[in-house]
Amino acid sequence: GAVVSQHPSRVICKSGTSVKIECRSLDFQATTMFWYRQFPKKSLMLMATSNEGSKATYEQGVEKDKFLINHASLTLSTLTVTSAHPEDSSFYICSASRGNEAYEQYFGPGTRLTVT
Amino acid sequence: LAKTTQPISMDSYEGQEVNITCSHNNIATNDYITWYQQFPSQGPRFIIQGYKTKVTNEVASLFIPADRKSSTLSLPRVSLSDTAVYYCLVGDVNAGNNRKLIWGLGTSLAVNP
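Those protein sequences? They're chains Y and U, same order as listed. Using this note's numbering, the first residue of the first sequence is number 373, and each one after it goes up by one. Using this note's numbering, the first residue of the second sequence is number 64, and each one after it goes up by one.
Just chain U, same shape as in the assembly (with noise of 0.2 Å):
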């Protein structure tokens, strides 16, 4: 089972592009790379997700190197509503298709006005 790796905690201000790195020396062929946010009191919300090369969506960005033992997440521009724990999980599927997602402690970042 793949784990992953964050920074516990960044800071940063509004308006600035905030770069969060995750590693997942252990990733496997199959496994993708996904991001999610959370918020105090809620589920967590679906970001990004991707698998090698750099994916873009409406929110932000993944760049995947070509070893893919890491991954950064990119958000532009963040606001104070972006002040949230992001979380970084690497897909595993186990016996009977079953997929299983390694959740680690996670980045809290907090966006300053």
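Just chain Y, with the same shape it has in the complex (with noise of 0.2 Å):
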């Protein structure tokens, strides 16, 4: 139990384009989402935290309006990197919670974003 899943997988854009990224936890209710985003060999970094039905909180430095997240659903969030820039080449990884005590995130396998 406990699977996330992440589409898509890879995604190369030109830049001024705008993406989707979608997070879907598949066999139980998230009431927390998070996205991260990481570079190569560095450390997760947290962009944002959504819980469903309301608007993300976003971490200092990131802004709300290039990374737009919508969690719409106890099973689904998205994150949508509009208007793309090269430097927002980028591993993007979504994670859940099942909202218990136990601080315990289940990870999707990642999007890498490739902005030409």
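Just so you know, these hints were derived from the structure itself, not from any lab.
Result set (SDA-like, lysine to any residue): computed pairs, CA atoms no more than 20 Å apart in a straight line: (1) Y:Lys414 to U:Leu168; (2) Y:Lys414 to Y:Arg484; (3) Y:Lys414 to Y:Glu431; (4) Y:Lys414 to U:Ile83; (5) Y:Lys414 to U:Pro103; (6) Y:Lys414 to U:Thr68; (7) Y:Lys414 to U:Gly167; (8) Y:Lys413 to U:Leu168; (9) Y:Lys413 to U:Arg108.
Listed below are several chain U residues computed to face chain Y (Cβ distance under 10 Å; list not exhaustive): (10) Tyr99; (11) Gln101; (12) Ser104; (13) Gln105; (14) Gly106; (15) Pro107; (16) Phe109; (17) Val148; (18) Tyr150; (19) Trp166; (20) Gly167; (21) Gly169.
Quick reminder that beta carbons are idealized off the backbone N, C-alpha and C, glycines included.
Bring the two chains, given one by one in their own frames, into a single complex with the hints.
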């Protein structure tokens, strides 16, 4: 149990276009979902935290108008990178929490975004 | 927010026991300690979680002393497939019941034949 999927796994887009990444909890209801980005050989950087039905909470330095997060249901959250630029190229990973007391997050397989 | 400190890298050989220690001096009363494993270009995978003393599951053990200012992940008889980055995290709850974890640099474990 506790499987999280992400789609797409890889995407290449042109500069100026927008890209949407989906994150789904397949066999549980996720009260909270997290979005991270990770550069090569670096640690995960939390971008934002979202609870179903409410606005996402963004970390300092993350532009909410550029990285749009929607958490419309207990099993789906989306991250849209708007007007992407080459510096947005990164590995984006989502995770989901069941909402119990244990700080346990279930991670998706990640999405490799390349902006040309 | 509690931060963690781990060795940047470790080397081991197949069949050995590997112990990775993490320091978290500012751990709060309600914080849990969680360890994750990450392979290249994959999302992290939960390994083990504990609050105090010792926790054991089918893949690892977690030792937490009474003061909880550090923890040690123990991997018994590692194999080549255990080569990965291991992250120690201390759970923190901020306003609004969001669970935010602070990710350190992790420990890059290399298991050699």
